[in-house]
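Add chains B and C to chain A, keeping to what the hints say.
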Amino acid sequence: MKLVQPRWRIAALALVGALPLLGGAAQAESGHGAAIERQDWTFGGFTGQYDQAQLQRGFQVFQQVCSACHSLKRVKFRNLVQPGGPQFPEESVKALAKAWPYQISGELDDQGNPIDRLPGLPDPIIGPYKNDVQARAAQNGALPPDLSLIVKARSAEQPSAWYNQWLLMLRDIAIGYQEGGADYLYALLTGYHEPPADMHMQDGMNYNVAFPGHQLAMPPPLSKDAFVDYQPESGVKGSLDQNARDVTAFLAWASDPTLDGRKRLGWQVMLYLLITTVLLFLVKKKIWSRVEH
Amino acid sequence: MAVDAEEPDRRDFLVLAAGAFVAVGGAMTLWPFIQQMNPDAGAQALASIEVELSPVKEGQAITVLWRGKPVFIRHRTPEEIKAAVAVPMDQLVDPLARNDALPEDTPATDPNRTKDGHENWLIMVGICTHLGCIPKGQTLGDSRGDFGGWFCPCHGSHYDTAGRIRKGPAPRNLEVPVYNFVSDTKIKIG
Amino acid sequence: MSGLPHESTYEPTTAVGKWLDARLPIFRMLHAQAVDFPTPRNLNYWWTFGGILTFMLVAQIVTGVVLAMHYQPSAEAAFDSIEAIRRDVNFGWLLRNLHAVGASMFFLAAYVHIFRGLYYGSYKAPREVLWILGVLIFLVMMATAFMGYSLPWGQMSLWGVTVITNLFSSLDSIWKGLGTTIVEWLWGGFSVSGVTLNRFYALHYLLPFVLAAVVGLHLWALHVVGQNSPTGLDIKTSSDAVPFTPYATSKDAAGLFAFLLLFCWFAFFLPDYLGHADNYTPANPMVTPPHIVPEWYFLPFYAILRAIPSKLGGVIAMFSAIAVLLFVPWLDTSRVRSTKYRPVYRWFFWLFAFTCLALGWLGSKPAEAEYVFWARVFTFYYFAHFLIVMPLVGWFETPLKVPGSITEAVLAKNKGAKLAPAKS
Chain A
1 MKLVQPRWRI AALALVGALP LLGGAAQAES GHGAAIERQD WTFGGFTGQY
51 DQAQLQRGFQ VFQQVCSACH SLKRVKFRNL VQPGGPQFPE ESVKALAKAW
101 PYQISGELDD QGNPIDRLPG LPDPIIGPYK NDVQARAAQN GALPPDLSLI
151 VKARSAEQPS AWYNQWLLML RDIAIGYQEG GADYLYALLT GYHEPPADMH
201 MQDGMNYNVA FPGHQLAMPP PLSKDAFVDY QPESGVKGSL DQNARDVTAF
251 LAWASDPTLD GRKRLGWQVM LYLLITTVLL FLVKKKIWSR VEH
Chain B
1001 MAVDAEEPDR RDFLVLAAGA FVAVGGAMTL WPFIQQMNPD AGAQALASIE
1051 VELSPVKEGQ AITVLWRGKP VFIRHRTPEE IKAAVAVPMD QLVDPLARND
1101 ALPEDTPATD PNRTKDGHEN WLIMVGICTH LGCIPKGQTL GDSRGDFGGW
1151 FCPCHGSHYD TAGRIRKGPA PRNLEVPVYN FVSDTKIKIG
Chain C
2001 MSGLPHESTY EPTTAVGKWL DARLPIFRML HAQAVDFPTP RNLNYWWTFG
2051 GILTFMLVAQ IVTGVVLAMH YQPSAEAAFD SIEAIRRDVN FGWLLRNLHA
2101 VGASMFFLAA YVHIFRGLYY GSYKAPREVL WILGVLIFLV MMATAFMGYS
2151 LPWGQMSLWG VTVITNLFSS LDSIWKGLGT TIVEWLWGGF SVSGVTLNRF
2201 YALHYLLPFV LAAVVGLHLW ALHVVGQNSP TGLDIKTSSD AVPFTPYATS
2251 KDAAGLFAFL LLFCWFAFFL PDYLGHADNY TPANPMVTPP HIVPEWYFLP
2301 FYAILRAIPS KLGGVIAMFS AIAVLLFVPW LDTSRVRSTK YRPVYRWFFW
2351 LFAFTCLALG WLGSKPAEAE YVFWARVFTF YYFAHFLIVM PLVGWFETPL
2401 KVPGSITEAV LAKNKGAKLA PAKS
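Protein chains in written order, with this note's numbering: chain A, 1 to 293; chain B, 1001 to 1190; chain C, 2001 to 2424.
Think of the hints as simulated: they come from the structure by calculation, not from any bench.
Predicted model only: the values in this text are computed from it and were never measured.
Backbone N, C-alpha and C fix where the C-beta goes; we use that ideal spot for every residue, glycine too.
One should not assume that every hint holds.
Said to hold, decoys possible - Lysine to any residue pairs mimicking SDA-like chemistry, simulated, CA-CA at most 25 Å apart:
| # | chain 1 | residue 1 | chain 2 | residue 2 |
| --- | --- | --- | --- | --- |
| 1 | B | K1069 | A | D109 |
| 2 | B | K1069 | B | G1026 |
| 3 | A | K98 | B | V1051 |
| 4 | A | K98 | B | F1181 |
| 5 | A | K263 | A | S105 |
| 6 | B | K1167 | B | I1081 |
As the list claims (entries may be wrong) - In silico contact screen, one side only, chain A against chain C (beta carbon under 8 Å); selected entries:
| # | residue |
| --- | --- |
| 7 | F46 |
| 8 | K152 |
| 9 | A153 |
| 10 | S155 |
| 11 | L168 |
| 12 | L170 |
| 13 | T258 |
| 14 | K263 |
| 15 | K284 |
| 16 | I287 |
To be verified - Among chain C residues calculated to face chain A with C-beta under 8 Å, some are:
| # | residue |
| --- | --- |
| 17 | R2087 |
| 18 | D2234 |
| 19 | K2236 |
| 20 | S2238 |
| 21 | V2242 |
| 22 | P2246 |
| 23 | A2258 |
| 24 | L2261 |
| 25 | C2264 |
| 26 | F2268 |
| 27 | D2278 |
| 28 | Y2381 |
Isolated chain A, as found in the complex:
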């Protein structure tokens, strides 16, 4: 059973090896955004799981900073109670929903008049705007996107020479790398700087190294001097970097709330498949030992 004979392997390797000489110039990458640095996430790779305390801190940052403009409508208050998430006590989430600054609208009272009401556990985590038109009107024409899927909806490209890319791809598959969106979001939150002197900034835009085109309508949500302080008993000190990390982890959970269970079941399935594959291979060997093949 030899599909590729040794000298063919050598020939194929030689071919692959020689090709960089042919097209070395092709590696110029399109210049959107800066390279996004990979971060160390507790939920990263094929074993990673969310850190409950970090998700709780991240929610605090979301609540105190992001929720001023952004909604998180695919996450319901009840989700904050679930295992595999921040898992706050149910009573405190109920109180949180009752004290949420924005109300659920669109429902009718007995007289058929539209009413606003306080959210409860089954309701979405809404933002300040009732619709996109209202949001744009309030935000100078820029729409603060819903953040429920923001981590899944973003990615980070790893610029590298073309002959390297397939190796990096295989490595990412082997380590189970899926955190491009989180890496990007962290880079964005920590990426606000003074624009370079030669850069012409549009009115009301903010310079950000991670954002494609570098001109971002969103003003810096966190800064060195304005960040969220955590409760002293959490044992973690608030800082721009820590806030960005925590809120990114929280939003990663918001976009993929089943990650913990998925990976846990995944390992059970892999173990089962591994054992069964070995058994089936042995059975095959035994059966075929009766005939030369």
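Relative to the frame of chain A, chains B and C by itself:
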């Protein structure tokens, strides 16, 4: 064929073990496919509703929708309450209260199907316990059956003024959902 | 099914079995085709991909039917319903990942299967019809997958559908208005809309059953002409063959489970690796994402499309890239089937494989000068391989000596192995 009629040894441990693994794995794979049919997390967490009772005058009834089911709310008259209380327990088809807020074996007395101090309000899921039709008796023109409560036209089940089955094919009393009085004139169901 | 002549050992033992056998000999047929069916004794693991593909088709249909119980095919509700599946439906995340990753795995297995057929000459007489049915299966698979990718109604869904359906507007340059008419007919409107989504959903549900029917024909044809083998030789005597069960069955089972390891690795640990981040943004007809890229399994064809500078030419080239496969049985003039015995063609085969990989990579890149140049080079070779290399090399090449039979090849190989035990 290249092989003589030598059959594989079926008692072979390896073949048995591999077969068992494949069979168990296949059976376990069915689980998600069965589970997905169950009510999802969104349906399970459906909102409770609040109902304002003040517009419902004595002798009147309203129906509200809760978790996709009609809930009967009847403002009973003193005569109706008296009639319900007077029924001896041995005349009941179903002796259990069927009140979700009380233990399962609670007897079906009238007070056990209402709230203390609010005996004039009878609140039940309006679904016949026979085959799921909605009994008549909520509006004035409806037939209320032989016992002055509700009457299911599908197969002729008669319920009394406490919503208990008295005659007909239905096996159980109408279900009383979990609810609370938020104020004297407002309840929260669920 | 008539099929390759072989004696069936099926004898019903129970009274019910005998009763049924006299009326509907279904178990006799299954026994003949799935147990007694003679299989070349020298098949390697590349031959297990046929069974893997059958499994994948069934798996896609089963997970798909279940997802259809929760999915809502409308522009307003589609995206939200997928999110409800991911978040709220019991095991919804698992079923959705299995279906989405399953599509990729289906294509991966199909490509291995196609290249195996190309390498060992499985398309040559008398397997032309078998091969053509395979190409039809490939086409239906592509249509099904394309429509399936539109269903989440994210940005990549909307814009992928827009770009690909707009291909037909190139027909305007043949006959004014023809292309536009076809495109509006496909859309059911003047742009891709919820109406388009609805019909794509209906077809996405229908086509897998068409696929299953063509797969049935493919299997029928296979059981008439019998399996090719790595030597490219047919079964001549009974010593060339082993019964399908337990031999091929045990090997297929081992191959399938090894494949499932890869499948589940992606489904559990990399569920979104093969998709696009943009599809997690709801469809927005006012904004096009910066890079519109099809799913990886379409990339080689996408690269061919973009390599041709004319709009109509690109479309023709892309469809020809698949259509040319239909003629492979007659384009290959070689006297022997298996590339194993073709010292010259071997080089071209691997060059072709590399070409397909290169086109796939180029298809994922933006259409910029350097990439387009290389896409043209590889597009040229893609067609040259079928239209020039296959006929010419087959004509002038002197094949190596082919063994007289499968048995002879097996015995010779094993004797060689005994002489040099270091080589396994």
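Quick rundown of the hints versus the structure:
1. B:K1069 / A:D109: With a Cα-Cα distance of about 19 Å, the restraint between K1069 of chain B and D109 of chain A holds, given a limit of 25 Å.
2. B:K1069 / B:G1026: Judged against 25 Å, a Cα distance of about 38 Å means the pair is violated.
3. A:K98 / B:V1051: Distance of about 19 Å is within 25 Å: holds.
4. A:K98 / B:F1181: This hinted pair holds, its Cα atoms lying about 19 Å apart.
5. A:K263 / A:S105: violated, 37 Å
6. B:K1167 / B:I1081: Holds, at roughly 19 Å.
7. F46: Since chain C brings a Cβ to about 4 Å from F46 of chain A, closer than 8 Å, the hint holds.
8. K152: holds, 4 Å
9. A153: This interface hint holds because 4 Å falls under the 8 Å limit.
10. S155: OK, holds: S155 of chain A within 8 Å of chain C, min 4 Å.
11. L168: It is violated, given that the least Cβ distance between L168 of chain A and chain C is near 13 Å, above 8 Å.
12. L170: Violated: closest Cβ of chain C sits about 12 Å from L170 of chain A, beyond 8 Å.
13. T258: holds, 4 Å
14. K263: Status holds, d = 7 Å.
15. K284: holds, 4 Å
16. I287: holds, 5 Å
17. R2087: Check passed: Cβ of R2087 of chain C comes within 6 Å of chain A, closer than 8 Å.
18. D2234: violated, 17 Å
19. K2236: Nearest chain A Cβ about 16 Å off; hint violated.
20. S2238: violated, 12 Å
21. V2242: This hint holds: V2242 of chain C lies near chain A, its Cβ roughly 6 Å from the closest one there, short of 8 Å.
22. P2246: Holds: closest Cβ of chain A sits about 5 Å from P2246 of chain C, inside 8 Å.
23. A2258: Holds: closest Cβ of chain A sits about 5 Å from A2258 of chain C, inside 8 Å.
24. L2261: Given a least distance of 5 Å, the restraint on L2261 of chain C holds.
25. C2264: This interface hint holds because 5 Å falls under the 8 Å limit.
26. F2268: holds, 3 Å
27. D2278: holds, 7 Å
28. Y2381: violated, 13 Å
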